[in-house]
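So the protein lines, in turn, are chains A and B.
For what it's worth, the UniProt record's numbering labels the leading residue of the first sequence as 1, then goes sequentially.
For what it's worth, the UniProt record's numbering labels the leading residue of the second sequence as 1, then goes sequentially.
Fair warning: there could be bad hints in the mix.
Each pair may be met inside one copy or between any two copies, as identical chains are not told apart.
Lysine to aspartate or glutamate pairs mimicking EDC-like chemistry, simulated, CA-CA at most 20 Å apart [unchecked claim]:
#1 296 to 24
#2 255 to 223
#3 296 to 382
#4 255 to 10
#5 321 to 151
#6 255 to 382
#7 296 to 36
#8 28 to 54
#9 296 to 151
#10 255 to 6
#11 341 to 36
Hints are computed from structural coordinates only; laboratory data are not their basis.
Protein chains: 2
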Amino acid sequence: MRPVVESLEESRIREVANAGMGLDGVLKFWFGESDEVTPDFIREAAIASLNVGETFYARNLGLPELRHAIAGYTHTLHPQLATDHWFDRIAVTSGGVNGLMLASQALVEAGDEVVVVTPAWPNLVAQPQIMGARVRTVPLTVAADGAWVMDLDALLASVTPATKLLILNAPNNPTGWTLTRDEQAAILAHCRRTGTWVLADEVYERLYFASDTANGAAPSFLDVAEPDDRLIVAHSFSKSFLMTGWRLGWLLLPKALTHPVGKLIEFNTSCAPVFVQRAATVALQRGDEVTPGLVKHLQRCRDTLVPLLREIPGVQLAEPKGGMYAFFRLEGQDDCLATAKRLVREAGLGLAPGSAFGPEAAGWLRWCFASRDPQRLAQGAERLRHWLRTAA
Amino acid sequence: MRPVVESLEESRIREVANAGMGLDGVLKFWFGESDEVTPDFIREAAIASLNVGETFYARNLGLPELRHAIAGYTHTLHPQLATDHWFDRIAVTSGGVNGLMLASQALVEAGDEVVVVTPAWPNLVAQPQIMGARVRTVPLTVAADGAWVMDLDALLASVTPATKLLILNAPNNPTGWTLTRDEQAAILAHCRRTGTWVLADEVYERLYFASDTANGAAPSFLDVAEPDDRLIVAHSFSKSFLMTGWRLGWLLLPKALTHPVGKLIEFNTSCAPVFVQRAATVALQRGDEVTPGLVKHLQRCRDTLVPLLREIPGVQLAEPKGGMYAFFRLEGQDDCLATAKRLVREAGLGLAPGSAFGPEAAGWLRWCFASRDPQRLAQGAERLRHWLRTAA
Chain A
1 MRPVVESLEE SRIREVANAG MGLDGVLKFW FGESDEVTPD FIREAAIASL
51 NVGETFYARN LGLPELRHAI AGYTHTLHPQ LATDHWFDRI AVTSGGVNGL
101 MLASQALVEA GDEVVVVTPA WPNLVAQPQI MGARVRTVPL TVAADGAWVM
151 DLDALLASVT PATKLLILNA PNNPTGWTLT RDEQAAILAH CRRTGTWVLA
201 DEVYERLYFA SDTANGAAPS FLDVAEPDDR LIVAHSFSKS FLMTGWRLGW
251 LLLPKALTHP VGKLIEFNTS CAPVFVQRAA TVALQRGDEV TPGLVKHLQR
301 CRDTLVPLLR EIPGVQLAEP KGGMYAFFRL EGQDDCLATA KRLVREAGLG
351 LAPGSAFGPE AAGWLRWCFA SRDPQRLAQG AERLRHWLRT AA
Chain B
1 MRPVVESLEE SRIREVANAG MGLDGVLKFW FGESDEVTPD FIREAAIASL
51 NVGETFYARN LGLPELRHAI AGYTHTLHPQ LATDHWFDRI AVTSGGVNGL
101 MLASQALVEA GDEVVVVTPA WPNLVAQPQI MGARVRTVPL TVAADGAWVM
151 DLDALLASVT PATKLLILNA PNNPTGWTLT RDEQAAILAH CRRTGTWVLA
201 DEVYERLYFA SDTANGAAPS FLDVAEPDDR LIVAHSFSKS FLMTGWRLGW
251 LLLPKALTHP VGKLIEFNTS CAPVFVQRAA TVALQRGDEV TPGLVKHLQR
301 CRDTLVPLLR EIPGVQLAEP KGGMYAFFRL EGQDDCLATA KRLVREAGLG
351 LAPGSAFGPE AAGWLRWCFA SRDPQRLAQG AERLRHWLRT AA
């Protein structure tokens, strides 16, 4: 076995989940998914496809119908370019994570330097490592109010002509950090000079609560990029359409990359199931019935949880502008993996340890607030408060 | 973009299919799939899962129920080891091709030497190339009767201590070549000495017509291997269960590799959809309702097509013992890609060019005989005969 594969970071979230195995009544906020089932009409589209027998191989890049739907969706959010422009820049992938892995396969030679802004979900660091890259992380820092912020100058200084690829995830999992349009423009301009590719994980684009953009979504690199920029944007059906378990996402690519990525899809998964793609097509066509309501609900979840957490002595957190996570520091609990394990066993509260997302986030905990019933969040906050008072 | 990705072989089968785009009435035998829809009861299991809302993330290595079903299936075919032995050696993957890619990711460093026996489906060569390996191919040769045969001594001589991985696909796509148990034992013994991993693509194991084995299946490396051998066997639900479009397969691994492969799954696709895994579980549980009838039917297909092809002047082929392909040489048609394009346009016959599978198969054509209606095969053979007489 390759040493790099052996040394890939174990999922610390999984480690906490294992600590809670067999325990009853645990309130689980550790994984990055809502507890809400995919809407009926999306599931029904998959069922209809199965009933008519769509059980055969499909094209590597995805069903044309789905790619057209994605093109329309992209145009609606980023109207600078026509719908038709997008079709040839879309590759449907077997999940957002699969799209990100394909991007690393397309760009990263063994020995290449890759820069990743952290904290970030572990996959962003692991994927270029699997391809043999030397990964350097550039950590966000914590402001006085507990918000994670980026030192733009430090980031730009760390990206040099030796940097093949820069990977960012904003709105960010776990911190809720978002990029401004100006920062995106500055990063892109810098990377044009250094010849560095930008891989932007924008799967939380729609889960944005700040109401300070024209489209309601978080700022996107697409809004400041030229069609031929060295930019790949990764998306997923998981978060905005409540479709985590379907394993479907897409990449937006410079046109010249679409065909090669199609070849990589052939050699990785060949294609996504047609019945899954039919469901996703309907999800986009009737997206107004899902995403706006979901965003409103997530905002209510955030606004339920964050004030309750802030009232707890020793908790430090800033209100996240996007995403679906409350990321907070617990005073005196620097070994957050141990804390998370104790919380699940002693308080019946399932959170993810910050150290899962980068060493700079040791002492932090991630709480996914995507919960159908916001009362579960209040109940969880009460468990945390009680545990801190009595057991910690 | 990486030069190796740019230079990955285009799918020549796709090129032929494109040549037939928009043409009516083409008899298509070019892809490696049956034209039969997945059986009702398998689709119904997926539908039931969707109806009860199984739309969430699942474990990296697959549902325990499915892994148990695979363990039982493996034990039935290879009874040397108990069912319980297998569970910890199983990783469920997003298709057989995905399993093979994960195996390359687990084993192959950039610069490593990988040996692939060809002709083979192009993915087996492309995957280690994507990981940066130096791939050497060891070609089968053609015997007097048109059968593709392996020179065992030549293969063993080509695998040295410098060889990290040996990849073989038998029963073979496209040639129908199979390995004998003695050959498998000799290869394994040799690879033990050189420290070389063996990656055996055995997805056609069940599609075997020779009736010369105890289990009715083709000889498998599992029957000659020790549990800790450096051996990975790749399987798929596609061929034996008529589930090509579902994208589900599995790997049988040395126990020490299962957990690391689970990490790789996290970073590639995270998991396969639960509803797909439910369907696969039922497919295995009620496999007797699918596979034996399918094998019998495929044998009838083979026995319909092969004699008809052999009657055609200029055609050379041996009867394949396994798989679902008739692979034949057409005298005087050395540019088989051009021939395949002409056949689709001029004769309405869709075949795959042999050169798609290795340069040594130039001048050959692959015919997938997995057809619900064997009369389509006879009709296709008649088109070939007519075209050769009048147009070629």
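Structure-based check of each hint:
For the homomeric pair residue 296 and residue 24, neither the shortest alpha-carbon distance inside one copy (31 Å) nor that between copies (50 Å) is at most 20 Å. Proximity of residue 255 and residue 223 under a CA criterion of 20 Å is satisfied intra-copy only: 17 Å inside one chain copy versus 48 Å between copies. In this homomeric assembly, residue 296 and residue 382 never come within 20 Å of each other (Cα to Cα): the closest approach is 24 Å inside a single copy and 64 Å across copies. Taking the closest pair of Cα atoms, residue 255 and residue 10 come within 20 Å of each other only across two copies (17 Å); inside a single copy the shortest separation is 36 Å, beyond that limit.
In this assembly of identical chains, the alpha carbons of residue 321 and residue 151 lie at most 20 Å apart only when taken from the same copy (18 Å versus 65 Å across copies). For the identical chains of this complex, residue 255 and residue 382 are neighbours neither inside a copy (51 Å) nor across copies (43 Å), given an alpha-carbon limit of 20 Å. Proximity of residue 296 to residue 36 under the C-alpha cut-off of 20 Å is restricted to the intra-copy arrangement: shortest distance 14 Å within a copy versus 45 Å between copies. For a Cα distance limit of 20 Å, the shortest separation of residue 28 from residue 54 across copies, 17 Å, qualifies, whereas the shortest one inside one copy, 36 Å, does not.
Taking the shortest Cα distances, residue 296 and residue 151 never come within 20 Å of each other, neither inside one copy (31 Å) nor across copies (67 Å). When the C-alpha separation of residue 255 and residue 6 is checked against a cutoff of 20 Å, the pair qualifies only between copies, where the shortest distance is 14 Å, while the shortest distance within a copy is 36 Å. With identical chains, the CA atoms of residue 341 and residue 36 are never at most 20 Å apart, being 25 Å at best within one copy and 50 Å at best between copies.
Hints 1, 3, 6, 9, 11 from the earlier list are contradicted by this structure; the remaining hints agree with it.
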